[in-house]
Amino acid sequence: MSLISVKDIRKVYRVDKEKVVALNRINLEIDAGEICCILGTSGSGKSTLLNIMAGLEKPSRGAVMIGKVDIVKLNEKQLAQFRQKNIGFIFQSYNLMPTMTAVENVAMPLMFKGVLKRIRVREAKRMLKAVGLGSRMLHKPTQMSGGQQQRVGIARAFVAHPKIVFADEPTGNLDSKTTREVMEMIVGIAREHKETLILVTHDRDIARYADRIVHLVDGNIVSDEPNQSIMASTEAAPPQPAASEIEQNVDMTADRLA
Amino acid sequence: MRLRDMIVMSLSNLWKRKIRTLLTVTGVVIGTCAIVVMISLGLGMQKTMQDSLAQMGDLTIISIYSYGNVTAEPLDDEMLETFRQLKYVQAVTPSYTPENWGSFTIKSGKYEFSGQITGVNFDALRLMGYEMEEGQMPDSTTGYTDMVVFGSRAGFDFYNPKKGWTNSDTPNVDVMNDKLELVINKTEETSKKAPTHKLTATGVMVEDWSRNPSPYGVFMDVNYLRSLEQEYKKLNGIKEDKEKVFSYNNVYVKVDDMKHVAEVEEQIKAHGFETSSMETIRKPLEDQARQQQMIFGGLGAISLLVAALGITNTMIMSIYERTREIGVMKVLGCVVGDIRAMFLMEAGGIGLLGGIIGVGVSYGISFLINSLGSGGGGDTGSIWGPGGMSIGGLSIIPWWLVLGALIFATLIGLISGFSPANRAVKISALTAIKQE
Ligand SMILES: Nc1ncnc2c1ncn2[C@@H]1O[C@H](COP(=O)(O)OP(=O)(O)O)[C@@H](O)[C@H]1O
Ligand SMILES: [Mg+2]
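Note that the protein sequences, when read in sequence, are chains A and B.
My numbering applies: residue 146 is where the first sequence begins, and numbers increase by one.
My numbering applies: residue 8 is where the second sequence begins, and numbers increase by one.
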């Protein structure tokens with residue numbers, strides 16, 4: 146059984162008297178541990194689909210099963226608790242708390258879960274080291290570059306070991322070199338933790354990092370296939386920078402929290 | 008989320024916006040100070056008033072007058088008994104003086120006393136708390152006939168009629184030990200000797216001018232005095248007016264507690280008598296004090312209302328600024344109840360902080376008022392103002408006022424924060440994170 150199954154999702158926005166069909170009739174099955182990219186041009190409905198899968202938005206019709214739960218039917222409080230346990234987020238514009246340090250930002254999802262301060266700070270530090278920010282623990286977002294801020298965002302998304310991490314254009318605000326570093330980091334950690342990653346992008350180059358690419362055009366899935374570049378040539382697999390360091394740290398974290 | 012974390016988050020949010028927090032808190036401080044100081048002054052005023060009234064006289068005694076009032080029923084022994092039966096009444100005594108001045112003279116050797124002789128009920132006087140400098144009041148064991156009690160200056164009031172008034176440092180008569188004799192005076196010179204009665208002084212009263220009837224002159228049992236008066240009238244051939252009904256001019260009623268005075272007074276007035284008590288002085292004073300307190304309290308309430316608007320405004324601004332943060336928190340799994348709780352804690356925190364500082368400042372102001380008010384005499388700890396009235400405690404802050412102020416200030420904060428907090432809860436996570 147797949148981890149996420151999107152069934153007959155339709156989303157219609159009403160602007161004044163005009164109907165905008167953002168998603169037409171989406172059916173999608175995603176397995177646990179899969180790294181799935183939703184690719185499409187701007188306005189094709191990628192974000193809408195991601196938000197519905199994350200329970201941030203209700204569809205006009207259809208169901209989203211995560212495990213055995215139809216999250217469309219959950220109320221606001223249940224959804225918040227569901228996200229605490231199962232979902233991590235990486236945003237295009239980082240969305241870090243401007244007045245908090247890196248550690249505090251990363252520890253926040255654990256705080257919402259009610260984890261003791263001592264433990265959550267320890268986990269946050271471990272996670273920050275894993276994304277290579279060991280020397281920036283007490284920096285505020287404004288004291289960091291975009292790439293560093295997004296790495297704090299990545300640490301925050303993974304710190305609570307969610308089953309699924311959603312990333313909506315995570316490199317949209319970054320230059321190409323930083324984009325590569327950040328993408329490798331996200332995919333690397335997701336693979337290490339065997340976590341499911343749903344990646345939304347308009348960029349084919351970024352889609353290369355995924356196992357599977359779902360192509361969205363005007364609210365319809367036009368193609369859904371395994372990543373050719375990975376399938377075709379093993380040597381084209383994304384290089385793993387700092388991977389050894391990340392692996393170790395992440396494994397330890399995983400063991401502690403397990 | 009843990010309570011501790013929510014508190015820390017709320018406090019750090021306040022701390023991050025120090026200036027604004029400070030300004031908002033200042034509003035609450037001013038409001039709290041206004042209310043606390045005003046109430047403390049009101050309490051001080053009330054206490055000062057009660058103290059000075061207590062010095063002026065017994066607050067639980069009602070005086071009744073019958074003269075000149077045609078609608079009144081006779082103020083006789085039967086009526087006194089009616090009063091005695093009233094609820095809350097502890098004792099009733101007439102204050103009776105003979106109709107004809109100079110009916111009697113008290114002699115002791117060559118000295119004479121021709122001052123006022125008052126007929127009372129000694130048992131009632133005892134219940135009214137009269138104190139004795141020497142001896143005791145007559146009671147049922149001593150009997151009442153032939154017994155007298157002297158006011159504190161009685162010994163000096165005896166004079167030698169052959170020499171006239173002389174000032175001396177020692178009383179002319181030791182009333183407790185010297186022989187005393189009451190002479191029933193004759194209006195015309197006859198050869199018949201004026202009748203006399205041997206008198207025994209059972210005691211001397213402590214001087215206390217605040218008491219009614221005032222303890223000066225000589226006191227006798229009212230019935231004994233009236234029988235002596237009959238004897239005087241018979242001796243001098245004075246005919247009783249058959250039409251005239253007997254009525255005491257003046258009666259005193261002792262009530263068990265100050266708070267029942269008004270009620271008892273009302274019942275006595277219903278019989279057509281004029282009455283007076285400290286209640287008639289106290290009531291308007293108290294009403295006036297209450298009115299002032301209401302005005303002061305109202306001013307305080309207005310300043311707190313302004314402070315409340317300040318808190319609401321600050322919270323709404325803070326929520327506008329943090330819309331995105333709130334959205335992110337929701338996306339990251341913060342339940343709405345926790346968000347509401349944090350905002351309420353922030354608002355309540357402003358209130359509580361303002362309340363704490365306000366109470367502190369109020370103590371300072373209260374101390375200043377009190378030290379300025381009583382510092383004139385120079386002596387520290389002097390509580391006597393120039394008028395002999397106690398002005399210690401111009402401003403009193405009891406513990407319940409402190410507690411009340413803190414709770415009230417916090418409540419104001421919570422109420423002010425209620426609608427902003429709900430606004431924060433309603434922020435859509437999605438629109439909040441979408442806005443760039
Ligand atoms: N809140 C909204 N109200 C009205 N229309 C919306 C809203 N959100 C998205 N849409 C419309 O839905 C379509 C899909 O939007 P979106 O999912 O954001 O696309 P993408 O993320 O692929 O760029 C667009 O045509 C957009 O205009
Ligand atoms: Mg989008």
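I should point out that these hints are in silico values taken from the structure, not numbers from a laboratory.
Beta carbons are placed, not taken as given, at the ideal position from N, Cα and C, and that holds for glycine.
Any given hint could be a false lead.
Stated by the list, open to error - When the alpha-carbon atoms are kept at most 25 Å apart in a straight line, the in silico PhoX-like pairs for lysine-lysine are as follows:
no., chain 1, residue 1, chain 2, residue 2
1, B, K199, B, K251
2, B, K114, B, K241
3, A, K218, B, K433
4, B, K433, A, K203
5, B, K25, A, K285
6, B, K441, A, K203
7, B, K205, B, K251
Stated by the list, open to error - Covered stretches of chain B, as calculated for chain A (at least 3 residues, CB under 8 Å):
no., segment
8, 123-131
9, 327-337
Self-check item: In rising order, the numbers of the hints this structure does not comply with
Solution: 1, 7 and 8
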